[in-house]
Amino acid sequence: MIRFEGAAKRHPDGTVAVRGLDLEVPAGRTTVLVGPSGCGKTTILRMVNRMVEPTAGRVLLDGTDVAALPAAGLRRGIGYVIQQAGLFPHRRVIDNVATVPRLLGWDRRRARARAAELLELVGLPPETARRYPAQLSGGQQQRVGVARALAADPPVLLMDEPFSAVDPLVRAGLQEELLRLQGELGKTVLFVTHDIEEAVRLGDRVVVLREHGEIAQLADPHTLLTAPADAGVAAFLGRDRGLRGLGLRPADSVPLTGLDPAPTPDLDLGRRIPYGGWELALDPSGRPEHWTRGAERHPVPVFVPSRDSLRAALDAALLAPSGHAVAVDAEGRAVGTASRAAVVEALAAANGTGTGAPTPEQVPHAGR
Amino acid sequence: MLDGEPLVRWHWLGDHLGYLADLTADHAVIALVPVLLALLLAVPLGLACARFPRLYQPLAAVFNVVYALPSLAVFVVLIPYTGLATRQTVMVPLTCYALAVLLPTAVDGLRAVPEPVRQAATAMGYGPWRRLAAVELPASVPYLIGGLRVAAVSSISLAAVGALVGRGGLGYLFVDGFQRTFPTPILAGIALVALLALATDLLLVAARRVLAPWERGVAR
Ligand SMILES: Nc1ncnc2c1ncn2[C@@H]1O[C@H](COP(=O)(O)OP(=O)(O)OP(=O)(O)O)[C@@H](O)[C@H]1O
Ligand SMILES: [Mg+2]
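Protein sequence lines, in the order shown, are assigned to chains X and C. Just so you know, we're using this note's numbering here: the first sequence kicks off at 1 and counts up by one. Just so you know, we're using this note's numbering here: the second sequence kicks off at 1 and counts up by one.
It is possible that part of the hints are untrue.
[Unchecked claim] Stretch-level coverage of chain C by chain X, calculated; a stretch enters the list once three of its residues show a Cβ under 8 Å from a Cβ in chain X: (1) 59 to 68; (2) 184 to 197.
[Unchecked claim] Sample of chain C residues at the chain X side, in silico, Cβ under 8 Å: (3) 86; (4) 116; (5) 117; (6) 214.
These are calculated hints, taken from the structure and not from any lab test. Note that beta-carbon positions come from the ideal geometry of N, C-alpha and C, so glycine has one too.
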């Protein structure tokens, strides 16, 4: 557990980066710091590994004041991931990942074996191990950054806008991956972002900050979105809060239309199901192949009702050329469809009275 | 030039092959040993300057002034201390000239490491010296070799001037040719200086490919 007790940072030039923070970061959970640029997020993060020394107050790690711990040793026990990955350009990917184990005195073989495990854990193919960082895409570099931070299995992970430099699609993938990893590893994660959507997606708890590191609200994502503490927080959440809230509501409230004719698994011919001018082509096992009209073919946007959010359902309906989102089961087999109108109706119902609002347990990621 | 004297007397070249080879080897030693010495000095000085930035300005100023001095004048001034016709007369100033090139490149190279890389290293528990040695120094190898290319080539050409104070590898061919109004050795000297510079440069380019494999994006 990390505990900030009146931790403050005042720079020599008089700038007050953090006025005095009291915060508990629970072990094994993800706590997200979110707030406008310059509000002190990076400063707060760096107080934990002593890259910034508080000018007042203290930071406790499992009850010990970090100021009492030797900086190098403390840092080797804390993973740190930053926006630009900061990989060593002159070291191969595998040796980048092996850095902290090597610093801890592991022999090269063991450190590399561990690094190879981690590359696999973060979903990088083995052939990337021998490459140099410049030979990887931005998203791959971020994965290496995460692997490197995890290499010595530190209980604490500090992440400073780790995904904000990659494009939105890759970013969503990385967020997904982090959720999966965190589900497996249960680290104490302190994650900084200025994207509220990312915050509610990843955080078990979200800390909304305003200037000088003052806490505007500390809540679970659902409470934050449904009950912002004050007008300032509400404004920060943005006018499209209704839409952002979609990301948190499960898609299982969307009424599905059955497939007609229903696909039968034992037929080895695929099927085509008409929707207006469009046809949905399914393969023999019932997985959607494409939307087709005449010679046109388009990919099929899908969602998994039991797992995905309303937002995913809306996206799928908006992206499908036919205007129908296809619901699939965990194996990817089509189970039904939902028109745009049906999704929007479900949306209105969920947003409307508030009685239909999901409890935190129903929020997809909160239940992991 | 004398009328009737051909530009190149080929048989003279043929008769003096061994002599020319000796002069070239001598020239390489006089010119390149100072560059190596300068490299050995530039790395620790560069690391110190990167660690304590206040050192850099005064040091750079000293070597810049040395660099601005006319080489012949420096050679002459050194004669009373090192003696006429000793190698040191030429090699001491050449070391200073090379250092004037290499110190700034060493410091620039160490500083060119991107800030996020430095911060990531610090966050992983590298102390300041260890980080310089394990991260910044190796990452700056391409810079250092770039500096070495400039220093080596200019040292090879400056070393020729050393012949005027009695010691000078291929430079001796120029003195000899002028005194005898005999162009063949002069042209041979020019060609050999150029060849030596070219060979050294190619060697450094090859060294860079081996020592900084990440730069060309292929596995070693
Ligand atoms: N070395 C410094 N000297 C003076 N002021 C500083 C220094 N470092 C940071 N600050 C100031 O402290 C405040 C907090 O900075 P910090 O980097 O923690 O913000 P942040 O929330 O991480 O911002 P961003 O979202 O832009 O990364 C800012 O006003 C910044 O200008
Ligand atoms: Mg920041």
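Quick rundown of the hints versus the structure:
1. Residues of the region 59 to 68 of chain C with a Cβ under 8 Å from some Cβ of chain X number 0, which does not satisfy the need for three, so the listed coverage is violated.
2. Judged by the Cβ-Cβ criterion of 8 Å, the region 184 to 197 of chain C is not covered by chain X as claimed, because only 0 of its residues qualify and three are needed.
3. For residue 86 of chain C, the interface hint is violated, the least distance from its beta-carbon to any beta-carbon of chain X being 41 Å, above 8 Å.
4. Taken as an interface hint, residue 116 of chain C checks out: its beta carbon lies about 4 Å from the nearest beta carbon of chain X, inside 8 Å.
5. Among the interface hints, the one on residue 117 of chain C holds; its C-beta lies about 5 Å from the nearest C-beta in chain X, closer than the 8 Å criterion.
6. Contact between residue 214 of chain C and chain X, as hinted, is supported at the beta carbon level, the nearest pair being about 4 Å apart and thus within 8 Å.
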